[in-house]
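Chains as they are written, first to last, in the numbering used here: chain A, 1 to 309; chain B, 1 to 364; chain C, 1 to 313.
Since the hints were made in silico from the structure, they are not lab data.
One or more hints might be untrue.
Listed below are the simulated DSS-like cross-link pairs for lysine-lysine, each with C-alpha atoms no more than 27 Å apart in a straight line [stated by the list, open to error]:
(1) K157(C) x K252(C)
(2) K29(A) x K230(B)
(3) K210(C) x K295(B)
(4) K246(C) x K197(C)
(5) K119(B) x K115(A)
(6) K12(A) x K243(B)
(7) K246(C) x K177(C)
(8) K210(C) x K226(C)
(9) K230(B) x K215(B)
(10) K295(B) x K197(C)
(11) K177(C) x K115(C)
(12) K145(C) x K197(C)
(13) K295(B) x K157(C)
(14) K177(C) x K295(B)
(15) K157(C) x K115(C)
(16) K243(B) x K22(B)
(17) K295(B) x K128(A)
(18) K276(A) x K266(A)
(19) K226(C) x K176(C)
(20) K12(A) x K334(B)
(21) K295(B) x K226(C)
(22) K12(A) x K230(B)
(23) K119(B) x K10(B)
(24) K27(B) x K10(B)
(25) K252(C) x K128(A)
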Amino acid sequence: MTGQASNMSSVKLGLAVAWPAFWTGVPIKVVIALLLLATGLHPWEMPGLAFLLLLSIPIDIWALGLSSRTVFLERLHLQPPALIGLTLWWQATLFNALYLPIAYLIESQAVAGAKAVVGRILELELLKSLPVPERIGIELTMWGSAAAVILLVLALGWLFGFGRIVGRQVATARPAAEPYQALVRQWDLLRVPADQPLVLTVLVASGVTLVVLFWAFMPVTTPHPHELYEKPQEKVGPPLKPAEALQKTEKLIAQAESAVQALEAKAKKDVKNKGKNKGTGKGAAPSKAGQPKVGKTETTPGDAAAPTR
Amino acid sequence: MNSQPSLLEKVFAFVDERVGLKTLQAKMLNEPVPGGSRWAYVFGSCLLFIFIMQAVTGILLMFYYVPSADHAYASTQYIIHEVDYGWFLLSYHFWGSSAMVVMVFAHMSQVFLWGAYKKPREMVWLVGLALFGLVMAFGFTGYLLPWDQRAYWATTVGVEIMDKTPVVGDFIARFLKGGPTPGQMTLSRFFVIHVMILPAALMGLAGLHLFLFRKAGPAGPFQGSVEELKAKTDYFFPRQVWKDVVAMAAVFFTICSLAFIEPVQLLEEATPDPGDYHPEPEWYFLFLFQMLRLKIFSGELGQFLAGVAIPNAFLLLLAALPFIDRNPERNIFKRPIALVGWIVVMAGILIFTVSAIINREFLD
Amino acid sequence: MQPKLKSKVRCTDREVGEVTRIIVDPLSREVSHIVVGRNGAGVPERQIPASTIQAVTDDTVELRAPSSELNQFPVFRRDEYVTIHEVEIAHLEDHLHVQPGEVLVPLPELERNVKRRTFFTNLTHAIGALIALPLVYPVLRYLMKPMYAPFDNRWLKIGNVNRIKADDVGVQFKFKKTVKEAFMPEADVDKNVWVLKASPAVLEEVYGSKDMEFRDHTGGVIWTNKRDVPYVAYSGKCPHLGCGYKWRNVPKLGRQIFLCPCHLSIYDPSGKVLDGPAPRPLDPVPIRVATNGDIEIIDVEYKAGTKVQTRIV
Chain A
1 MTGQASNMSS
11 VKLGLAVAWP
21 AFWTGVPIKV
31 VIALLLLATG
41 LHPWEMPGLA
51 FLLLLSIPID
61 IWALGLSSRT
71 VFLERLHLQP
81 PALIGLTLWW
91 QATLFNALYL
101 PIAYLIESQA
111 VAGAKAVVGR
121 ILELELLKSL
131 PVPERIGIEL
141 TMWGSAAAVI
151 LLVLALGWLF
161 GFGRIVGRQV
171 ATARPAAEPY
181 QALVRQWDLL
191 RVPADQPLVL
201 TVLVASGVTL
211 VVLFWAFMPV
221 TTPHPHELYE
231 KPQEKVGPPL
241 KPAEALQKTE
251 KLIAQAESAV
261 QALEAKAKKD
271 VKNKGKNKGT
281 GKGAAPSKAG
291 QPKVGKTETT
301 PGDAAAPTR
Chain B
1 MNSQPSLLEK
11 VFAFVDERVG
21 LKTLQAKMLN
31 EPVPGGSRWA
41 YVFGSCLLFI
51 FIMQAVTGIL
61 LMFYYVPSAD
71 HAYASTQYII
81 HEVDYGWFLL
91 SYHFWGSSAM
101 VVMVFAHMSQ
111 VFLWGAYKKP
121 REMVWLVGLA
131 LFGLVMAFGF
141 TGYLLPWDQR
151 AYWATTVGVE
161 IMDKTPVVGD
171 FIARFLKGGP
181 TPGQMTLSRF
191 FVIHVMILPA
201 ALMGLAGLHL
211 FLFRKAGPAG
221 PFQGSVEELK
231 AKTDYFFPRQ
241 VWKDVVAMAA
251 VFFTICSLAF
261 IEPVQLLEEA
271 TPDPGDYHPE
281 PEWYFLFLFQ
291 MLRLKIFSGE
301 LGQFLAGVAI
311 PNAFLLLLAA
321 LPFIDRNPER
331 NIFKRPIALV
341 GWIVVMAGIL
351 IFTVSAIINR
361 EFLD
Chain C
1 MQPKLKSKVR
11 CTDREVGEVT
21 RIIVDPLSRE
31 VSHIVVGRNG
41 AGVPERQIPA
51 STIQAVTDDT
61 VELRAPSSEL
71 NQFPVFRRDE
81 YVTIHEVEIA
91 HLEDHLHVQP
101 GEVLVPLPEL
111 ERNVKRRTFF
121 TNLTHAIGAL
131 IALPLVYPVL
141 RYLMKPMYAP
151 FDNRWLKIGN
161 VNRIKADDVG
171 VQFKFKKTVK
181 EAFMPEADVD
191 KNVWVLKASP
201 AVLEEVYGSK
211 DMEFRDHTGG
221 VIWTNKRDVP
231 YVAYSGKCPH
241 LGCGYKWRNV
251 PKLGRQIFLC
261 PCHLSIYDPS
271 GKVLDGPAPR
281 PLDPVPIRVA
291 TNGDIEIIDV
301 EYKAGTKVQT
311 RIV
């Protein structure tokens, strides 16, 4: 791998540039996706997706530039052509527009076809009596391997195509005359930003923003409460109004007093009547004194003492 | 020096005079990584990070969780529904355990593929395998603690499988269950194992693992001439540490997102009769679970073979690996048996895991 | 032999200076260069690769080159190097023998007696073991206390035979069993058994030729189910993995059977396994029927998943 440019196959070249470029871009895109989520947009559907794809363009150009320059210096000992990131990006985009739909079609057809074939194989008399776990395992292995092989071939095909795109840049590049150590230093320093305070500020600012949004939007209790879980209900009693309560109490006490007075008066009268009746010899009338009057007199002192429940 | 040393510098000099801080710092941080720092080397540090996060969230959970059969479920539900952000911390702890298993597989695979188990790193590898066992034990014991149907039955089935071990199986199962049947004693034992015994063991072994690793030195890439390796060498700090920290941040974000999107939801409280519920272990044991369903492993001996004997035999093979494979070649593309073996094992685990998930629909 | 610091350096023609520093390769851990310092102010140190060294003795390093070629070697740049105390390179000191002599500290007088040392070493080991030893037995017993609890042989009333209307039909009897586990408060556990009024044919299949004996943990018989009693009670737990099973009418089979929903084990009325992963037939439990028809059982539990019946509760 430390050999000359012509020794590196297209697939290897494609992998050497695409793999690091992908992983370089992903963390930044994830942060953008999270920021989008915080604003309420879903990054996997329009219009959030459009936003994400648009912002991905400069990120991809930068990432492709960084990875390709590293490969050129480190592995190929060549000087990377100017604007290599941009060139690779637009050429790869064209390539993707052609290749990816076709690849998707092939793979989905292959998976469906493999599943159908395998399903039919397992219908054979010989295999019909297989128990369920074994069937599942065999089916999965059979169509899974077929689908995986085709996927691998398609992936290699993409790498080959992309590798050819990179190869065209390689063909036009001048050899780098410096010794190996100098080349290593060159690509290593590509990773140190020119404006360090700016980069650090942007990183910390977006991080802090995300954290604050996180604190603001995170629900305090679980967003999926258990259907059987009962939150203890706090029963709120009726509000206590002291002035009203006192007035009510006074009224009730006054009523009770008058009721008691009426009863006493009645009792005195009945005693007098009783004496008279006894004297006349008439049968004692059933004493009505014992029967309480219905209505206001029914109120018991207990009620007066409890204005609130 | 023109100006007086600042307060910080004075403190530093004070400690350095007594402890040799400058030298210590240099020794700890200026470890040259041959061939340069690599993203492929971050998995070990990520594991350490995840463990620390698990310890922190676990300790926080213990502020409210009660390990008693009549309170475990209620206290867990309380954490989820009443304690502010309790649902998030519990979900973080839950997803963190899955992340730990994923990272363990990644780390072991990286070490295996880079041939970094070969001489002189045999002991690092052996201690690493013990750590792997501990991580799986953590997952198994922690799963019981919420005491819902899923927790109770997954544990019961798991312990019953261990019971099938000849001679010592009954003793081991009774020891873990704290009796003939699962109950309060089981919960107490699993709790103390999960929060005391395993963390202590993990910290000890992890320390040993790091010490042995430092003594042997990083293995570095498996190809490249001496000149290339020298030209690209950088120090552990800051370059490798930076990569480690970025990976830790990525792991942290991923676990947070998962906790957010799929928070922990308990089933009903555990009952002695599973009823309609179909017991299932955590996803990283599903492949074993599916193997146990195969007809060839039916019967007590079969269950023992698939559940205990074969997995442990495989671990023993891994342990013997540095002593069987004495070829100093570390380039994976020149070790066909190793490469094919790794692919076969990973593919097998993947197929069995996915089969177990598909099989759910066929359980009447 | 490795060149020593402070050794004299000789070219082919004459002595040129001394070894002021030694440079080691971090990967191979071998001496890669020596730095030669020469007398005279302002004369820069030169860095000489190890391949130029012809011979090494304790105090001299002889170079292949003549002194006239010395200035062709690069000047030593101190800022391109760090001392071995400022980096962590494993096992580096093991490979280095560049000091011209040893640095020693005295061995204490008392430690020079080997017999004394071995005695105290062994005594330390013995006392350490004796500290640990007393704990072994109590700790084992402590941990094992709940593992082998004695069986619960209480008779529990579960219902009356008047619920059973026909022969060879499974009737579920649900009951509550009061259980006290260790320190936990007494709890009522929901349990169930399936009771059959067995016809003579089924009875024959269940019992075979002899009565069914139930033993406690010492091996003594606590109860015998007599063959002539037509009532059979099966433990409510499926012998496969302990799920609760059901009694079902299966039109396809044209009969009624016991069916476990967990893994589809199927049993006929005599408990025999018709299909599924069950390792043994349904477990009958001790049953006694009073004259007034009240059914009592002992709630015996057996280990699930084994071919041989092993009682656990």
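Consistency of the hints with the structure:
1. K157(C) x K252(C): Given pair K157(C), K252(C) is violated - Cα atoms ~36 Å apart, limit 27 Å.
2. K29(A) x K230(B): violated (34 Å)
3. K210(C) x K295(B): violated (34 Å)
4. K246(C) x K197(C): Given pair K246(C), K197(C) holds - Cα atoms ~16 Å apart, limit 27 Å.
5. K119(B) x K115(A): violated (46 Å)
6. K12(A) x K243(B): holds (24 Å)
7. K246(C) x K177(C): holds (20 Å)
8. K210(C) x K226(C): holds (8 Å)
9. K230(B) x K215(B): Distance ~20 Å between K230(B) and K215(B) Cα, so the pair holds.
10. K295(B) x K197(C): The given pair, whose Cα atoms are some 35 Å apart, is violated under the 27 Å limit.
11. K177(C) x K115(C): The given pair, whose Cα atoms are some 69 Å apart, is violated under the 27 Å limit.
12. K145(C) x K197(C): violated (41 Å)
13. K295(B) x K157(C): With a Cα-Cα distance of about 41 Å, the restraint between K295(B) and K157(C) is violated, given a limit of 27 Å.
14. K177(C) x K295(B): violated (37 Å)
15. K157(C) x K115(C): violated (76 Å)
16. K243(B) x K22(B): holds (24 Å)
17. K295(B) x K128(A): holds (15 Å)
18. K276(A) x K266(A): Distance of about 15 Å is within 27 Å: holds.
19. K226(C) x K176(C): holds (26 Å)
20. K12(A) x K334(B): Distance of about 17 Å is within 27 Å: holds.
21. K295(B) x K226(C): Since the Cα atoms of K295(B) and K226(C) sit roughly 38 Å apart, the hinted pair is violated (cutoff 27 Å).
22. K12(A) x K230(B): Status holds; Cα separation ~24 Å.
23. K119(B) x K10(B): violated (45 Å)
24. K27(B) x K10(B): holds (22 Å)
25. K252(C) x K128(A): Answer holds: K252(C) to K128(A) is near 20 Å, not above 27 Å.
Checked against the numbered hints above, the structure violates hints 1, 2, 3, 5, 10, 11, 12, 13, 14, 15, 21 and 23; every other hint is satisfied.
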